[in-house]
Every structure is written in C-alpha cells, then in structure tokens.
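**Q** Chains as they are written, first to last, in our numbering: chain A, 383 to 549; chain B, 383 to 549; chain C, 383 to 549; chain D, 383 to 549.
Hint data in this document are derived by calculation from the structure and do not stem from the laboratory. Treat the hints loosely; a few may be bogus.
A few chain B residues that face chain A, going by a derived Cβ cut-off under 10 angstroms, partial list only [as the list claims (entries may be wrong)]:
1) Val457
2) Ile461
3) Leu466
4) Leu479
Straight-line alpha carbon distances no greater than 25 angstroms define the calculated PhoX-like cross-link-like pairs of lysine-lysine that follow [said to hold, decoys possible]:
5) D:Lys504 / A:Lys502
6) B:Lys545 / B:Lys504
7) B:Lys402 / C:Lys502
8) C:Lys402 / B:Lys502
9) A:Lys502 / D:Lys546
10) D:Lys387 / C:Lys441
11) A:Lys504 / D:Lys502
12) C:Lys502 / B:Lys502
13) C:Lys387 / D:Lys505
14) C:Lys387 / D:Lys387
15) A:Lys505 / D:Lys502
16) C:Lys504 / B:Lys502
17) D:Lys546 / A:Lys402
18) B:Lys504 / C:Lys502
19) D:Lys387 / A:Lys502
20) C:Lys502 / B:Lys505
21) A:Lys387 / B:Lys441
22) C:Lys505 / B:Lys502
23) C:Lys546 / C:Lys505
Nothing here was measured: the structure is a model prediction, and the numbers come from that model. Think of the CB as a built atom: it goes at the ideal place given N, C-alpha and C, for glycine as much as any other residue.
4 protein chains.
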Amino acid sequence: MLLSKPFIVGVMGGANASDKDLDTAFHLGGLIASQGWILLNGGRNCGIMHASAKGAMEKGGITIGILPDEDEIQVSEYISIPILTGMGNARNCINILSSHYIVAFPGGAGTLSEIALSIKSKKPLILLNYTRRDLFDEYVDEGLLLFADTPDQVIEIISDHIKKKRL
Amino acid sequence: MLLSKPFIVGVMGGANASDKDLDTAFHLGGLIASQGWILLNGGRNCGIMHASAKGAMEKGGITIGILPDEDEIQVSEYISIPILTGMGNARNCINILSSHYIVAFPGGAGTLSEIALSIKSKKPLILLNYTRRDLFDEYVDEGLLLFADTPDQVIEIISDHIKKKRL
Amino acid sequence: MLLSKPFIVGVMGGANASDKDLDTAFHLGGLIASQGWILLNGGRNCGIMHASAKGAMEKGGITIGILPDEDEIQVSEYISIPILTGMGNARNCINILSSHYIVAFPGGAGTLSEIALSIKSKKPLILLNYTRRDLFDEYVDEGLLLFADTPDQVIEIISDHIKKKRL
Amino acid sequence: MLLSKPFIVGVMGGANASDKDLDTAFHLGGLIASQGWILLNGGRNCGIMHASAKGAMEKGGITIGILPDEDEIQVSEYISIPILTGMGNARNCINILSSHYIVAFPGGAGTLSEIALSIKSKKPLILLNYTRRDLFDEYVDEGLLLFADTPDQVIEIISDHIKKKRL
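This is chain A alone, in the form it adopts within the complex:
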C-alpha cells in the first residue's frame, strides 16, 4: 500500500540526450525509487523520460508520465501510470505543478520552458549537469534553483529539503 501522500520528484530533460545524461538519468531514477519517492516525467519512450523511468521501475518504483498525446502510442514501457492530456506542450505546466521537487537535465526548448515554469511557480528546482549558468543567475540569487553534478547530490539536496519542511 502506498503512503497516503508520497513525495513526487519531476525529472525533466530532452527527448534527445547525450549518452552521459541518459546514464545519469537512469541512475537518478533508481535512486529516486529507492527513496520511496514517485518519479514523474513527460512519459514518452525516448530520451531522459525513458531512461529515468526505466531506472525507477527497475528498482520497483512507481513512475507517472504526463503525456502530450491523447493516446498511448508513444508511452514509455517503463511508465506505470500514463496520464493522457491531449494538450501538447500545455502539459508541461502539469508536470511542474504536480511535482514536489523538480530536477532538470540539459535539454532543448521544451526543457527550458519547464525550467521557466518551475521558477514561475516557485517550485524547488535542481539543474543537473548544466554548464550554462549565466541565464539563471538572478534566480539562483533568489534561492529558486540549485545546481548539482551527480545524482547522489540531487538525492542529498532533496532529502535535506524534506527534512527541513518536516521540522
């Protein structure tokens, strides 16, 4: 039986990704599941979405995919619960609102829109493996986002965040 209010970590990233980022996403997915957290992403069978869901499901975790599509044709086989929106990119807003914490991998314009929406919604956000930090300086200063270099760092930051909220 699920806890009545599980913690949901949104993992954002490109449909196309480097091998290194795919490996990292797979590893991060596994760590998220091992914490008992739910992994939420865009749900398609490619890129960071597919890799992170695979990592989580192979560790016995629950994975939620918020699909842009109105059918299951492009759903990753590693998504346990596909949510079909039929709303295209408008589903990016749902990804952000439904996650308690966001982790973003390097990605294209879609990922950038999710980072922007995350900041706008004042959700806690970690950028993983990012080099271009200049754009986001003002948001770092406001405490709206952090940077991490490894999945283990991500888990540590989120665990600290949860502990502080409980105190």
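On the provided structure of chain A, position chains B, C and D as indicated by the hints.
**A** Same frame as chain A, now just chains B, C and D:
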C-alpha cells in the same frame, strides 16, 4: 511493484451526491482496488470523488486525482497521487483520456460534460444508478454506453471487457 | 475601430448538421454580425462552425474560431481570427468562458459537453431547434437555459439580456 | 470589414517592466496596428501587455488578449477581444500557437517560457531590447530567432518576412 501497465478505471460524479450514491461510490472504490485496478477521479475532498477514493484506498488501492486546482488545498486525503492541472474544467478531458474505462454516477453539469467527452472519445462507459436514460438512447444503440444498478454489475461488465480485449 | 468591449456570442453545434440547421446557422451568423456582435465558435471548416462563420463574415462581422488544433489546416475560411490551442476538446472550455452568451444547435457529444460546461459556468444559454428537452428540465427551472425556434427569437432574447444588464 | 486572414503579431513581456520597455511596447503596439496587423498578448491590465495593447488600440487596431483567468476582472481596458482560458500558465502555449510572429520584451520566468515555447514551435521570434544573448546562441545559429533594438526594426523584419512568404 506495480504491474507495468495497470488498468485505470475513472469514476465520475458530483461534488454533491445523495447518501445512497456516496455509499455506492465507497463500495465501488473498494471493489476496483480489490481487482488490482487503479481508481482515477477528479481528486477533490467532496462527493463521489472523496467517497470512491476512500473506498479504494482502504482496500490498499492506488488512487489518482486529476485536480482542477494548481495547489493541494482541496485534495482528498484518500488520493495517493494528486495531479495538479491548474486548468479548471479543462481537466475533465484528462480524466476521460487517461481512464481505460469510465463509470459515471448521477451528478451535475460537470459530470454531464464528462459523460459527453467520454462518448466523444469513444471510451467504454457505464452509467450507474441513472434513471434519465432518454437522452442517451442513441449512444446506447451505438454501443457507446451501458447501464448498471450495482457496483458488482460494474465490476462484472469491466472484467468481461478486459477478457474480450485479451482474446 | 472596434468598440473597446464588443459583445461575443458563442455558437456551438455539430461538425455534422442537417441542411435545415446549416441554413439556420448561416442566417443566425448574419444576424449576430448585423447587431455588431462578434461570433465565436470552434473554428473548423465544417458543420455549424463553418455555416455560422460564413453568415457572419458575409455581413461584415468579425468571427473568432477557437481551434482544437495546433495549426491552421482545418480552419474555416470564414474565420477572421483563428485561436490555435493545440488542446483538443479542452478548448471547449475556452469557447464557453470567452462567450458572453451561448447558442447551441443540435449536435453530438462535443456539443453536449459545451452545453454542460455552459451550465456549469452559469453562462446564459439558448438551445435552438432542440426537441429533447427532458434532460435539461432542472436547468430550465433554475433559469440557466432557454429554448428558441428561430434565429430572430435568439437575437431578441440576447438583446433583452443586454438591455437588462445595462439598466 | 476585416481581411479574412489578418496577420497576428504576439507581443510577450513581463507584468512588471521598466519605463523604457513600457514606452517601447506602447510605440510598438501603435506601429503594429498601423500596419493593419492584429496584436495578441496575455491580456492583463499590467506591464507590457497593457502598454502594447494601449498603443495598438489608440491607433485603431484590434487587440486580442489570451487570459490565464476564467473571468474578465484583470483584463486590460485596451483589449478588444478577451479570450478567457481559465488555464493559468498553460495559456502561454496558446499565445505562441496563435501568433504568426512573436516579439518578446525582457521579462521574468513567464516570458522565458514563452520564448522557449516559441522556439519549440519553430515560430519566427524577435527579442527586443535584450542584452543576455548567450543562452540563445544555438537558436540564433539555427535561424529561429533574431534581435532588434527598436520597434521600427521589428516592423521592418516582420514586413520582410511577410514579403518573402508571399513570393
């Protein structure tokens, strides 16, 4: 560990409901969970949403709520996974698209919109405890909806549907 | 130059419609434009959408189409301002919220969802050329909808509504 | 009477803006209207939305506001046609899809999400008065966006774009 592709039953119905319908929704929720199916509804802490989620969660089931809101203030405590859309009634479309089978209780205009969207999306649909059948005659004739009087009937109809799809 | 706040009449109805309803929609569109009102509909090049937009544009009116699509491929040539949502049926909510008054022709499940959403949003609503009135009895009693048999009746009812709001 | 297919220019920018940007938005709105183009923006009574709509309406132009709200409480008085979505930030997608050309002023995270969505949708995009160009280098290289320093430059670029599409 979840099956990789669980069966999702959407339960629609009013924020205000009769005691009889609330009891029936609670009972139906439990039966859905006992089948190993996931229950999906509108997620708020009132009416058919709350009662059906309570029934499912008390039997150890997973419950998904597709909320119209952008925060968790009105989420039922019996929703294990709240999906926050921030889209008002537009979330009704997501309820329908994301369910493999829909059950509708008597309700107000919101429920009627979900019945209509279900028919439009050609999703299998059962109306439970309905008396006003005249409006839907043409859709009954097209095989797009069925009527049931008890939760047990609902489970039997959906189980048959799943068996036929597997053959 | 447009008035700063023009009155917007939403005309809902099926992608498939009888010749009689298409003629009526064309005539109604012309009358709406002649009043200086803006016509809003679902924007596609078929059925009541196309016919009502044609009637309005030929009388010099402005026509707004709220499309389910993310491109202009299926836009009616009689829509002066296409709004592309890329959101499928979720755009039905926008049709209703953006109209100051709704007129619904007989239609399929999509139109029924718009009638339901209109009632839910407590927008003033006229059903034109409808015979199945039984479903809606309770909403008629609550003053949430009216019936009309001709476009002229529709215009008269809406004109009265505007006058009363100005008093 | 409107042309059957008017050209729609989306103007994006912050709810809070510098005096210089507000002046420029007002001036740009007037130039857009003078070209016979329709101005589309987020529709609220503040920032770049309000200033650009005012500029356009005072030159006799039509202004469309795609509101995040489900009512007209925060609509700018200079919006001639308010489209009420009730969908929060998800309406940003509609802003982009419905515009034939996008101009973005400096803004916050909401504007950044619109720039990202514009790039993702491959819509032609001009950034006006921007200094932080580093983030967007790859998209500049792909020809997906341009920079301008004045409203007159914007009009010139869009006019050239329209001419080329007609050839």
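**Q** Hints first: check each against the structure and report whether it holds.
**A** Going down the list of hints, with the structure as the test:
no.: 1; hint: Val457; in the structure: holds (9 angstroms)
no.: 2; hint: Ile461; in the structure: holds (8 angstroms)
no.: 3; hint: Leu466; in the structure: holds (4 angstroms)
no.: 4; hint: Leu479; in the structure: holds (4 angstroms)
no.: 5; hint: D:Lys504 / A:Lys502; in the structure: holds (23 angstroms)
no.: 6; hint: B:Lys545 / B:Lys504; in the structure: holds (19 angstroms)
no.: 7; hint: B:Lys402 / C:Lys502; in the structure: holds (24 angstroms)
no.: 8; hint: C:Lys402 / B:Lys502; in the structure: holds (24 angstroms)
no.: 9; hint: A:Lys502 / D:Lys546; in the structure: violated (37 angstroms)
no.: 10; hint: D:Lys387 / C:Lys441; in the structure: holds (16 angstroms)
no.: 11; hint: A:Lys504 / D:Lys502; in the structure: holds (23 angstroms)
no.: 12; hint: C:Lys502 / B:Lys502; in the structure: holds (19 angstroms)
no.: 13; hint: C:Lys387 / D:Lys505; in the structure: violated (30 angstroms)
no.: 14; hint: C:Lys387 / D:Lys387; in the structure: holds (22 angstroms)
no.: 15; hint: A:Lys505 / D:Lys502; in the structure: holds (23 angstroms)
no.: 16; hint: C:Lys504 / B:Lys502; in the structure: holds (23 angstroms)
no.: 17; hint: D:Lys546 / A:Lys402; in the structure: violated (42 angstroms)
no.: 18; hint: B:Lys504 / C:Lys502; in the structure: holds (23 angstroms)
no.: 19; hint: D:Lys387 / A:Lys502; in the structure: violated (34 angstroms)
no.: 20; hint: C:Lys502 / B:Lys505; in the structure: holds (23 angstroms)
no.: 21; hint: A:Lys387 / B:Lys441; in the structure: holds (16 angstroms)
no.: 22; hint: C:Lys505 / B:Lys502; in the structure: holds (23 angstroms)
no.: 23; hint: C:Lys546 / C:Lys505; in the structure: holds (15 angstroms)
In the structure shown, a violation is registered for the earlier hints numbered 9, 13, 17 and 19, in ascending order.
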